[in-house]
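Number of protein chains: 2
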Amino acid sequence: MDWENVFASRSSRMKASEIRELLKLLDQPDIISFAGGIPDPALFPTEEFQQAFTNTLSGEKQTAALQYSVSEGYVPLRQWIAGQMEKLGIHCSIDNILITSGSQQALDYLGKLLLSPNDTALVTWPTYMGALGAFNAYEPVYDRLMANGNRSAAEYRDTAADNNSRVKFAYVSVDFANPTGETLDRPGRERLLDLAQDLDMPVIEDAAYQSLRYDGEAIPPILALDIERNGHIDKTRTLYCGSFSKTLAPGLRVGWVCAAQPVISKLVLMKQAADLHSSTINQIAIHEVASKGFDKQVAKISVAYSARRDCMLSALEVHMPEGVSWTKPEGGMFVWLTLPQGWDGADLLARSIETQRVAFVPGHAFYADGSNRNTMRLSFSQANEETINEGIRRLGMLLKSV
Amino acid sequence: MDWENVFASRSSRMKASEIRELLKLLDQPDIISFAGGIPDPALFPTEEFQQAFTNTLSGEKQTAALQYSVSEGYVPLRQWIAGQMEKLGIHCSIDNILITSGSQQALDYLGKLLLSPNDTALVTWPTYMGALGAFNAYEPVYDRLMANGNRSAAEYRDTAADNNSRVKFAYVSVDFANPTGETLDRPGRERLLDLAQDLDMPVIEDAAYQSLRYDGEAIPPILALDIERNGHIDKTRTLYCGSFSKTLAPGLRVGWVCAAQPVISKLVLMKQAADLHSSTINQIAIHEVASKGFDKQVAKISVAYSARRDCMLSALEVHMPEGVSWTKPEGGMFVWLTLPQGWDGADLLARSIETQRVAFVPGHAFYADGSNRNTMRLSFSQANEETINEGIRRLGMLLKSV
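For the protein sequence lines, the chains are A and B, in the order given. full-length UniProt numbering numbers the first residue of the first sequence as 1 and each following residue consecutively. full-length UniProt numbering numbers the first residue of the second sequence as 1 and each following residue consecutively.
Hints were generated in silico from the structure; no laboratory data involved. For clarity, every value in this text was computed on a predicted model and none was experimentally measured. Worth double-checking, as some hints may not be accurate.
Within a straight-line C-alpha distance of at most 27 Å, the following computed DSSO-like cross-link-like pairs (lysine-lysine) qualify [what the hints assert, rightly or not]:
#, chain 1, residue 1, chain 2, residue 2
1, B, K300, A, K61
2, B, K61, A, K61
3, B, K61, A, K296
4, A, K61, B, K292
5, A, K300, B, K61
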């Protein structure tokens, strides 16, 4: 069969990421990797999950845990999440919450719900690579969201019109964003809501790292500010995507969307048609672990990750040559480096692997247009402090030799 | 916000099923339900899953089970599935297998891969309601697949051309199909492959019930026949969707696609973008339970379900009025009733609930065009034999009173 001839046009947007392919080759013990951006498994609440799965499969929920369940998600988990949302200034009910298979699925579903081919999605330059991947399946065009307010609603509208397109939403990762580690401040969030009102568009708020703040003051989620403006979550335009992957464990694939009820209703129908529901037993186990000790777990990982972040930032101060700058994240897992103009992160990765045995992610993969090749993402979540120091020292040697 | 104004056009195809909404209301203890069509939880291998989750979270896999994993799926599980496929005459490698979150997700992904708006999908009249739901998101038109060969390739092609459309695939549930319980015989499978060759289209083979044969001779899967014709799985056009939901447990959401490698590669990219991967820990647990005792579990449920099927078929003989006919399934969970012309399954359900307290699914929901309202689906998977006898007796009273 000539498969290319039968695949839908959207499939041409599904391409192997050169970065992912490259990184697959790097799973070698002598490489110091700042590439991954995934949680340190040594910090997982493994015993708590052992207990939770044992309880679930020996108690009164044992058969329900193995059975089909409702598309909306496990009610006690949705109640627990609603309680967490309340603490963030988001007053909502379980009818505002859909459980998804990780927040990646939330991004896929929101793209599916909102994007027709050639619609415009506003994303920051750079943005989360996985959001671009999820949205690509629905064939959008991208325009650059200037979160500092440097572009007016009219400019976005005109750019879309020039493409025979229409702005459909803005996507932002708000706290300690992947890949930059930066946080959108409160005025920035308010400006984004102003823009969204002007363009009459929803805002997708990716809060995957929200709980991982190591210092500085917490900033209300955009959804909380939206509720302040409009009085009730069901009158808001912000679609909040949360995840247990960075706090409890990613392997169970449990995340959620919190949004106005008309959106959740539609997403429930979409989920029913697409995969019926997320794993019943995993939702029950996540609920048990979260309700018994979410804050304790977050405190534990915050201590570890903040020490690694401090270590990486200090090492960068010591080892980086002039002309290299980097972000100072207040949380999350990432530091973002900007190199002198003309340098190329992908070329440097190849040289780094060969001569220094240090891995990172070249930054251009996070740009919808593949620009800004003079950037790179470093993750501090998985290496210990000694390794971080040594890795940054070697990276400094490489960059000094350019 | 005026949400309808920002939703993509595909969202208009995502509607609440009136049937599902109705059945939600029927979860009352005094109702005898033949509606569900889900496994009997009393037959789940609960102890085996207890053991598997305990082993997984206390052994050497304990952190890997909670961590991100590859989009393709857990290698030992793919190896085990490849072994099962081999037994069915499907020689393949793990590169021909993608793990999905249930076979429902496989249907969604295949629709996403193949369907552009207004493409034609060939489906039987009736067909699995959930397949229509999954495909609807990609805005196809449906044409009636005559599995008996009563329509020529040219007729399908012409009908599509009349709609400015193109036939993109045929979807069939082959063994003890939901909703009819019927099995496509070997000549029917060969004819379908002939048709697929003539139309140069793929065949989606839904094998969700494949293992649940209670009597009669096993028929090779369409994919096995396709390999016989073409010599190698990578030269075939059949996309086989399997599931552990009917054999081990649906709550873990583990299924698979087995197909030519170019299709699997594309589906892997799609899965990576859509939800990264299916739950790591569930894949490990399913592998452990399946590799230790899949055949024993299938034997156990087959004994129970075949007795219920026999009971339901006998009760139908005793209690149904003249003019009502039904299928005689060799496996699965369903019997399909055809009532005299002019009768209406949905009306009868309302009356049955009110006067007899017996639930079933009106058949028109399984027709892409909503036709054939004089049909109904009965499931024998969840009720015990006494209840089946009593329920069919009451249903007979109702139908005799029409």
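Next item on the list: Sort out which numbered hints this structure fails and list those numbers smallest first.
Entry: none
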